[in-house]
Amino acid sequence: DTGVSQNPRHKITKRGQNVTFRCDPISEHNRLYWYRQTLGQGPEFLTYFQNEAQLEKSRLLSDRFSAERPKGSFSTLEIQRTEQGDSAMYLCASSLARVGELFFGEGSRLTVL
Amino acid sequence: QKEVEQNSGPLSVPEGAIASLNCTYSDRGSQSFFWYRQYSGKSPELIMFIYSNGDKEDGRFTAQLNKASQYVSLLIRDSQPSDSATYLCAVNSDDYKLSFGAGTTVTVRA
Chain U
1 DTGVSQNPRH KITKRGQNVT FRCDPISEHN RLYWYRQTLG QGPEFLTYFQ NEAQLEKSRL
61 LSDRFSAERP KGSFSTLEIQ RTEQGDSAMY LCASSLARVG ELFFGEGSRL TVL
Chain E
1001 QKEVEQNSGP LSVPEGAIAS LNCTYSDRGS QSFFWYRQYS GKSPELIMFI YSNGDKEDGR
1061 FTAQLNKASQ YVSLLIRDSQ PSDSATYLCA VNSDDYKLSF GAGTTVTVRA
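Residue numbers (this note's numbering), protein chains in the order written: chain U, 1 to 113; chain E, 1001 to 1110.
I should point out that these hints are in silico values taken from the structure, not numbers from a laboratory. Treat the hints loosely; a few may be bogus.
[Claimed, not checked] With a straight-line Cα cutoff of 27 Å, these simulated DSS-like cross-link-like pairs (lysine-lysine) come out:
1) E/K1002 to E/K1067
2) E/K1067 to E/K1097
3) U/K14 to E/K1042
4) U/K71 to U/K57
5) U/K11 to E/K1042
6) E/K1097 to E/K1042
7) E/K1067 to E/K1056
8) E/K1097 to E/K1002
9) E/K1097 to E/K1056
10) E/K1097 to U/K57
11) U/K57 to U/K14
12) E/K1002 to E/K1042
13) E/K1056 to E/K1002
14) U/K57 to U/K11
15) E/K1002 to U/K57
16) U/K71 to E/K1097
17) E/K1042 to U/K57
Remember, it's a predicted structure, so these values are computed and weren't measured experimentally.
Just need the whole structure built from these sequences, with the hints factored in.
Written out as structure tokens, the structure is:
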């Protein structure tokens, strides 16, 4: 399968714990995005990488959130000291060049108890 | 004011009818416009994009763009039960960020 891969697909954690999600983009894609989606809402932009450089981070993203893309390949999104409001689907997407033509992974669903 | 607004629906249409979805955006400098389809429990997938004023047709789908009115629409002709999904309008106004609307849920009745 050459699509965008995300894991874990589901994560249940207790409030205050740290969680990390991984995204493996389509291999030739140099752009990688993280979005968050809650029920009844569209995806909300979190951050963007071009190759290994993180070029933008949403103002909505608190200091508890950090993302990396070492060597411009896979990416990780870490949430520290999780809160119940962090419960959402975390979507990773990649693209080659044209902005907006995103290929999404299946997402990582986070439930914070 | 939200950057991208859509009628939330649900929009129910009989099989074979035309489904019409609307989207407005706030940033007049927006350049590129996209429609994504999201089946329940799945991730969004791109179905159409449009960059210039006017109509763009792709199979049973037609996207319409009016930049002066800051309005984008999607028509689904000959609607099929398999078209039942949430349709997300997305707008790009800079080099990387795509802003999504909340989506319109379409149900096609057999």
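Here is what the structure says about each hint:
no., hint, result
1, E/K1002 to E/K1067, "17 Å, holds"
2, E/K1067 to E/K1097, "19 Å, holds"
3, U/K14 to E/K1042, "25 Å, holds"
4, U/K71 to U/K57, "19 Å, holds"
5, U/K11 to E/K1042, "17 Å, holds"
6, E/K1097 to E/K1042, "22 Å, holds"
7, E/K1067 to E/K1056, "14 Å, holds"
8, E/K1097 to E/K1002, "15 Å, holds"
9, E/K1097 to E/K1056, "23 Å, holds"
10, E/K1097 to U/K57, "10 Å, holds"
11, U/K57 to U/K14, "26 Å, holds"
12, E/K1002 to E/K1042, "24 Å, holds"
13, E/K1056 to E/K1002, "26 Å, holds"
14, U/K57 to U/K11, "23 Å, holds"
15, E/K1002 to U/K57, "19 Å, holds"
16, U/K71 to E/K1097, "22 Å, holds"
17, E/K1042 to U/K57, "25 Å, holds"
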